[in-house]
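Asks: Protein chains in written order, with the numbering used here: chain R, 56 to 381; chain Y, 143 to 325.
Hints are computed from structural coordinates only; laboratory data are not their basis. Check before you lean on any hint, since a few could be wrong.
[What the hints assert, rightly or not] Derived contacts from chain Y toward chain R, CB cut-off under 8 Å, selection only:
| hint | residue |
| --- | --- |
| 1 | S233 |
| 2 | A255 |
| 3 | V315 |
| 4 | Q318 |
[To be verified] 30 Å max Cα-Cα, derived DSS-like pairs, lysine-lysine:
| hint | chain 1 | residue 1 | chain 2 | residue 2 |
| --- | --- | --- | --- | --- |
| 5 | Y | K262 | R | K120 |
| 6 | R | K148 | R | K98 |
| 7 | R | K244 | Y | K262 |
| 8 | R | K168 | R | K271 |
| 9 | R | K359 | Y | K262 |
| 10 | R | K121 | R | K244 |
| 11 | Y | K262 | R | K358 |
| 12 | Y | K262 | R | K247 |
| 13 | R | K121 | R | K359 |
| 14 | R | K279 | R | K98 |
| 15 | R | K279 | R | K148 |
| 16 | Y | K262 | R | K121 |
For each residue, glycine too, the CB sits at the ideal point set by N, CA and C.
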Amino acid sequence: MRILLFVSGFAALLAGAALFTPTPVRAASCCGGGTAIGLVVPKFARAVTDLSADLEIYDGYWNQKKEYTSDPPKSDLRQYRLNLGYGRRFGQKWQGGATLPYVWNENNYSGLKTSSQGLGDASLFLWYDLLEERQLWLATGAEVLIPTVTIGTSLLLPTGISPYDSEESSFDVTGRGFYRLDGNLLIDKTIKAWNTSLTLGYGTYFERSVNREYGKAVAPYHKKLGDRLSASASLGYRYFVGTGGDNLTGTIGYAYLTEAEAEIDGISDRNSSFSKQSFSGTLAYSSTDSDWSVRGAWSHALKKDGWGENFPVTDIYTLGVRYVFR
Amino acid sequence: MSSVKFSCLFLLLLLLSACGEIADDLTPSDTDQRPTFETGTTGGGVGQNAPPFTVMDINNTVIDLPTALAGNRGIVLYFTMWCPVCDGHMSHALAYVMPNFPDVRFFAVDYLAGSVLLAKEAASNAGYLNSGFTILADVNRQLARDYNATMGTTIVIDSSGVVRMNEDYRNGVRLQTTLSALP
Numbered sequence: 056m057r058i059l060l061f062v063s064g065f066a067a068l069l070a071g072a073a074l075f076t077p078t079p080v081r082a083a084s085c086c087g088g089g090t091a092i093g094l095v096v097p098k099f100a101r102a103v104t105d106l107s108a109d110l111e112i113y114d115g116y117w118n119q120k121k122e123y124t125s126d127p128p129k130s131d132l133r134q135y136r137l138n139l140g141y142g143r144r145f146g147q148k149w150q151g152g153a154t155l156p157y158v159w160n161e162n163n164y165s166g167l168k169t170s171s172q173g174l175g176d177a178s179l180f181l182w183y184d185l186l187e188e189r190q191l192w193l194a195t196g197a198e199v200l201i202p203t204v205t206i207g208t209s210l211l212l213p214t215g216i217s218p219y220d221s222e223e224s225s226f227d228v229t230g231r232g233f234y235r236l237d238g239n240l241l242i243d244k245t246i247k248a249w250n251t252s253l254t255l256g257y258g259t260y261f262e263r264s265v266n267r268e269y270g271k272a273v274a275p276y277h278k279k280l281g282d283r284l285s286a287s288a289s290l291g292y293r294y295f296v297g298t299g300g301d302n303l304t305g306t307i308g309y310a311y312l313t314e315a316e317a318e319i320d321g322i323s324d325r326n327s328s329f330s331k332q333s334f335s336g337t338l339a340y341s342s343t344d345s346d347w348s349v350r351g352a353w354s355h356a357l358k359k360d361g362w363g364e365n366f367p368v369t370d371i372y373t374l375g376v377r378y379v380f381r
Numbered sequence: 143m144s145s146v147k148f149s150c151l152f153l154l155l156l157l158l159s160a161c162g163e164i165a166d167d168l169t170p171s172d173t174d175q176r177p178t179f180e181t182g183t184t185g186g187g188v189g190q191n192a193p194p195f196t197v198m199d200i201n202n203t204v205i206d207l208p209t210a211l212a213g214n215r216g217i218v219l220y221f222t223m224w225c226p227v228c229d230g231h232m233s234h235a236l237a238y239v240m241p242n243f244p245d246v247r248f249f250a251v252d253y254l255a256g257s258v259l260l261a262k263e264a265a266s267n268a269g270y271l272n273s274g275f276t277i278l279a280d281v282n283r284q285l286a287r288d289y290n291a292t293m294g295t296t297i298v299i300d301s302s303g304v305v306r307m308n309e310d311y312r313n314g315v316r317l318q319t320t321l322s323a324l325p
């Protein structure tokens, strides 16, 4: 549900592409699901494709007072996602692509077991290479400080199962049901074996009409979700394995996500805003020519007061593989 | 040629995603599709006689529809699974709705409760043990089935046993409007 939490700058660049690891927004089956990832095609490549699998385990939530609250006893909530992404260059500086998740919800809630699956929310994205950092040995003076800056936009498509479809259970939800347009900024800097990146995203949802809730017809109304802000920072280190050029990259990251209050028929819904902070670690192995790479990632939210508001606390485990077309 | 393949792939994905119910979100409708019910029929729809129920609250007290309605202008059944959305709705109701309607009784229905004991523990975890809500343990999901309810569903039944509202809590505005209109 669903937003870009960018965590893996360095590893991705080494493999020739910046991969944005997703974090779900209200991805719990209670609150909507689906994922959105973005791919950045490396400068001298033609295209990139990425396949990843996520396991997200829910473990409580932060309430409206930002207090950590545990789930009901005997609860086991999980969401599995298979994410397919493809991006390609359209010119020297332009590139675009799409991502499409497929979602499985597996829930055991107070003894009630449910299982459902379906498409998540798809994303289309467009990037522009605004600034390119120079290789260290070619840079002179202050040029060594210039980072790579990429700006872009993405459009979230409501292809998932939302609360406004004919599905009758909240456990079946895999998407949010709204279009969203984001503006994104990626700043990345590599110095020798070290890399750091900063990403910012700001999105606004399009208002829609609603005449059904969980399959039940209701009096039509208009709803608009609140604007969304996401930010993340990461630090990575590359280590060469053996003498062949294969390398292993470790990256740690921090991410912040918040969404403002929704509006229903123009009236604010004070129950709907939320925020989340999380930390992540990524380990990526890429081949000598960096065409192939595999990665594992762990995104962790702290089960403590003050680290989120009105949002589920989850751990996300990711395994992914990527191929760059030259 | 590659661009053509790429475009075709996108079109295919979009077409696939537009199949069936997903199209409801891609092209939302604003037509009123609510069914009309005959007066005097029993069901969870607005205007119908509320289905009778008998459930235990978390203090092991038996609650049925006549007991719940006794002495009140109406009752509210809020269906919870103790999630963040539910907490948002319930805390909003506690702060902004209940104080304005002292003659209405509010029930939180744990429709996923495995037992009365588990419902009590869940309510305690979420901080609603001694709140303004009476917590019902819908162990057999009788209420959820009869009222076609899921997470966040909010039902208002007036003192004569007629359903006045059956929809998501949203921002609480509709609930307050409905309660204000109770006879």
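Asks: Take the hints in turn and mark each one as holding or not.
Replies: Verification of the supplied hints:
1. S233: Hint on Y:S233: holds, closest Cβ of chain R at ~5 Å, below 8 Å.
2. A255: Hint holds; Y:A255 Cβ to chain R Cβ min 6 Å, cut 8 Å.
3. V315: 6 Å, holds
4. Q318: Interface hint status for Y:Q318: violated (11 Å vs cutoff 8 Å).
5. Y:K262 x R:K120: At roughly 21 Å apart (the allowed maximum being 30 Å), R:K120 and Y:K262 satisfy the hint.
6. R:K148 x R:K98: 8 Å, holds
7. R:K244 x Y:K262: 53 Å, violated
8. R:K168 x R:K271: 23 Å, holds
9. R:K359 x Y:K262: OK: R:K359 and Y:K262 at ~23 Å, within 30 Å.
10. R:K121 x R:K244: 34 Å, violated
11. Y:K262 x R:K358: 22 Å, holds
12. Y:K262 x R:K247: With Cα atoms ~58 Å apart, Y:K262 and R:K247 exceed 30 Å; violated.
13. R:K121 x R:K359: Holds - the C-alpha atoms of R:K359 and R:K121 are around 9 Å apart, at most 30 Å.
14. R:K279 x R:K98: Distance of about 37 Å is beyond 30 Å: violated.
15. R:K279 x R:K148: Not satisfied, since the Cα-Cα distance of roughly 34 Å exceeds 30 Å.
16. Y:K262 x R:K121: 22 Å, holds
In summary, the numbered hints that this structure violates are 4, 7, 10, 12, 14, 15.
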